[in-house]
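**Student:** Throw the hints in and build the complete structure from the sequences for me.
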Amino acid sequence: MAGLGLCVLAASLCPTGQAQASGIPFASNRPQSFQFSSDFTEPYNSVGQEFEYNNDRKRFDDHGNKVAGSNTETYVGLTSLLHYWKMDGLPNTGFIASITLPEIAVRGNGTRVSGLGDPLVGGLVWYNPTPLRTIGMQAYVQLPTGADSVSSDTYALWPSLFYNEWLGKVNIDLLVGAIIRGKGPHDTEPGDTGHANLRLGYNIVDRPTYQITPFVSADYQKTFSSDDRDNNSIAFSESNETALGAGVLFQLKPGVQKVFNQKMWDQVSIHYSKGVEGRNTTVTDGLFVQLWHYW
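Under our numbering, the residue at position 146 of the sequence shown is numbered 151, and the numbers go up by one with no gaps.
Hints should not be assumed to be uniformly reliable.
Simulated pairs of lysine-lysine, DSS-like, Cα-Cα distance not exceeding 27 Å [claimed, not checked]:
id, residue 1, residue 2
1, Lys174, Lys268
2, Lys258, Lys174
3, Lys188, Lys227
4, Lys268, Lys91
5, Lys227, Lys63
6, Lys71, Lys227
7, Lys279, Lys63
8, Lys258, Lys268
9, Lys279, Lys174
10, Lys71, Lys279
11, Lys258, Lys91
Hints are computed from structural coordinates only; laboratory data are not their basis.
**Tutor:** As structure tokens, this is what we get:
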């Protein structure tokens, strides 16, 4: 069982004044992010805390070369609360409602901004064709109510489709989606984003009380160009990036720890990701940590 991870897209300004999009959506995902089971009787909840760090010293220019970036460091925390339930008459199906609140800070090179980011509210529905396979869809609305220094000032819809399956000891976790943005500040039209996120995990330790699953990650984002108030394309606003990474997922069986009431396997994951190809975006050079508790 797993929860939802979100990577917040942050907008930054490079020294030349070119608009730069940084961050791949859902880059903090791990194996089993979308492994859900409909084999439960009572509703339950989960709380997650994610920590994301990116070193912004490099960016991809318009030709795909790695050049000097903003020389800042970006820190993002994501606090999520999820509620799980089923409906009578819908076998092998479950639902989640959730809210995620970002905490954002950018430091270095004369920059010092921080605050609560734009919350995301929504949920998902999943279906289990077999006990080892999960498919479904999710959608979240990003509300521009965060602090002025870190808010996007833009409403956005985050729809996506997901798939998770166990093949022996291998877990496949795939997400494909988009960010559809509304009108931006000063009557601009921010470009929409498409993304894909793949995780391949191998369960090397499967003990009665704990599990250890190393994994590799592959993430991609494509952001289309933005327009100014006169409907002219903003230079260098179109971007893309491919990032590869690796990490490990630890899981603890319910009842092993006595501090908190535990409904499902609690989870801790850590992984590193590096941008290998891109245009007009800060290079991903980040560390991602997730903590999830179910009750």
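**Student:** Would you mind marking each hint as holding or not holding in the structure?
**Tutor:** Tested hints:
1. As the CA atoms of Lys174 and Lys268 are separated by approximately 23 Å, the hinted pair is consistent with the 27 Å bound.
2. Distance check on the hinted pair: Lys258 and Lys174 sit about 18 Å apart at the alpha-carbon level, within 27 Å; holds.
3. The hinted pair formed by Lys188 and Lys227 meets the criterion: a straight-line CA distance of about 19 Å does not exceed 27 Å.
4. As the CA atoms of Lys268 and Lys91 are separated by approximately 16 Å, the hinted pair is consistent with the 27 Å bound.
5. The hinted pair formed by Lys227 and Lys63 meets the criterion: a straight-line CA distance of about 18 Å does not exceed 27 Å.
6. Note on Lys71 and Lys227: the hinted pairing holds, with a Cα-Cα distance of about 17 Å set against a maximum of 27 Å.
7. About 11 Å separates the Cα atoms of Lys279 and Lys63, which keeps this hinted pair within 27 Å; it holds.
8. Distance restraint check for Lys258 and Lys268: the Cα-Cα separation of roughly 9 Å lies within the 27 Å cut-off, and the hinted pair is therefore satisfied.
9. At roughly 26 Å between alpha-carbon atoms, Lys279 and Lys174 fall within 27 Å of each other, so this suggested pair holds.
10. Between Lys71 and Lys279 the alpha-carbon distance is near 12 Å, which keeps this suggested pair within the 27 Å criterion.
11. Between Lys258 and Lys91, the direct Cα distance comes to roughly 23 Å. Compliance with the 27 Å bound is thereby established for this hinted pair.
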